[in-house]
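K.L.:
Each chain, letter by letter, is given below.
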Amino acid sequence: MELKVADLTVARGGVPVLEGVGFTLRGGEALILRGPNGSGKTTLLRTLAGLQPPLEGSVSMPAEAVAYAGHADGIKPTLTVAENLRFWAAIYGTHGIADALAAFDLAALQTRPAQNLSAGQKRRLGLARLAVTGRPLWMLDEPTVSLDTASVSRFGAALKAHLAGGGAALIATHIDLGIAAQVLDVTPFRARPRAGTGAFDEAFA
Amino acid sequence: MLALFTRDLRLAIRAGGGFGLALAFFLIVTALVPFGVGPDTGVLTRIAPGILWVGALLACLLSLDRIFALDYEDGSLDLLATAPIPLEAVVATKAAAHWVTTGLPLTLAAPLLGVLLNLAPGGYLWLTISLAAGTPALSIIGTFGAALTVGLKRGGLLLSLLVLPLYVPTLIFGAELTRRGAEGQAVETPLALIAGITLGAAALLPFAAAAALRVNLR
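Line by line, the protein sequences are chains A and B. Quick note on numbering: the numbering used here labels position 70 of the first sequence as 70, and the sequence is numbered without any gaps. With positions in the second sequence counted from 1, the corresponding number in the numbering used here is that position plus 205.
Looking at chain B on its own, in the form it has when it is part of the complex:
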């Protein structure tokens, strides 16, 4: 499992691996929004949590179809399926590698980009916490979606349509957590809910994704 994890990280970092794509997209979205809505700092402060979360979510979505598609095309997925590690572990490992190469950089970059959107001073800590708690769910749910659509030619569109509705609860509670943090309100409820979504997804979806992969490899 560790070997698979380090291999995926190495592949992501080497040329053409797509590392940085999500980060660049996130940067572009958050840099463009102030130009679009105008320089009214009050408006920007109000929409900042939502924009930052939507940007992070879409950036995460960009790289989802690479999780299994490349391994499927070059035959490694067949070989991994016949290897001694269980397919559930393969799925969980690939989701973890996806998070480290997309979710984690987004989480670390978000406070810097919050400045562009005039995020309220109290919001930076909670923005980071909400992304740290929520982006793993995005990676795991996305891995499940990628497993469902592996083997389909141009499956990216279907993948987006499948995954976006499943992303909505994470988005709602993530943005709500950031907003409440920024406004100094109680944060326990959205924090508990977003952590619950992440833990629930981590507990259940690797099994569902592995079952989907088995069907798709036939």
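Pulled out of the complex, with its shape left as it was, chain A reads as follows:
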């Protein structure tokens, strides 16, 4: 398991936001992305997850390695907690949601419809989805939003277990998760304004 990023330029709405990004992430390691709001962390994660093509540069990683978790949790409000998780387990071809429920303290809530969960409980369900994917490389965008302190440490423990199992994680966050991780500040990679990719394209992007 190795994610290698070299000289990557990512764009949002046709305008480059980060350029020259390069790093290597191996199994067992975590990399924290830092940077002020609007600096391009989400765009970088979406590009690496394959949701949009990079403008330049190369990304190499094993096929079918990424489990992506964005700002939205992808939870269906009328399904129960267990039904939501079982759906993702079936999509990823894995079995058993008991471990994920236990890791995020959702076992007592599993028959509750997701629309009756609190914001923090929904987030925990969204994160529990990562555990049922069985994918080695987690790409997380602000995973701790609306989590309380106990849930953050629970998430930290799940993350540690994932890393100890040979997995890797790429996390955009503003808080300390209590794990040993490299930190990549994206501010120095901010793209310079370019000639040619102007406002005209943007209007139609």
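Think of the hints as simulated: they come from the structure by calculation, not from any bench. Glycine is no exception: its CB is placed at the ideal position from the N, C-alpha and C atoms. Don't take every hint at face value.
[As the list claims (entries may be wrong)] To give an idea of the chain A side of the interface with chain B (calculated C-beta under 10 Å), a few residues: (1) Asp73; (2) Leu79; (3) Ala90.
Could you slot chain B onto chain A? The hints should help.
P.N.:
For chain B alone, kept in the frame of chain A given last:
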């Protein structure tokens, strides 16, 4: 894929899923037309195939924007796009689920509603056959339209404008098939054409819809 299919069916049936909306709309249209055009059974018999088909088509159109919009809003579409099943399969599965929750109930209900419009006795069988052959095309074309407009706020109007012209051939041949069946004429030509539209749409449009989704998710 089966998991996605059963999830979509379950979501449609649970509260607020919109199951029954198309059926209720279809019922309202066919129940109101006799009041509008008057009780002349000859007129009703003549317009019945067209009204039934237009009603089914508009009922199908009602629920199209839900196919991807809800998944887009709650983030599941991003997650499905990064999941191991190809996006083409996601599109095909969602089109199939849409058909089972709208097209199939319409097909089954249409013969009952044909009575309200005094459909000729020979027409019931062919009405059911034409809807069974034609409504899958409506779902698939509609899924393509929904993929094109996903992410647009209030994209429903644009979706209708995009999809309606594409629905016209299905409507023409579907109503023609029912009319010919009702009048006891040869039905092979419209049947072959409507089946051809459905099969062609099923073969091509999942790829086009998946390409549109990829662009819209950027």
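K.L.:
All the hints need checking, so say for each whether the structure fits it.
P.N.:
These are the hints, each one checked on the structure:
1. Asp73: Nearest chain B Cβ about 6 Å off; hint holds.
2. Leu79: Cβ of leucine 79(A) sits 7 Å from chain B, so the hint holds.
3. Ala90: Holds: closest Cβ of chain B sits about 3 Å from alanine 90(A), inside 10 Å.
Taken one by one, the earlier hints all hold for this structure without exception.
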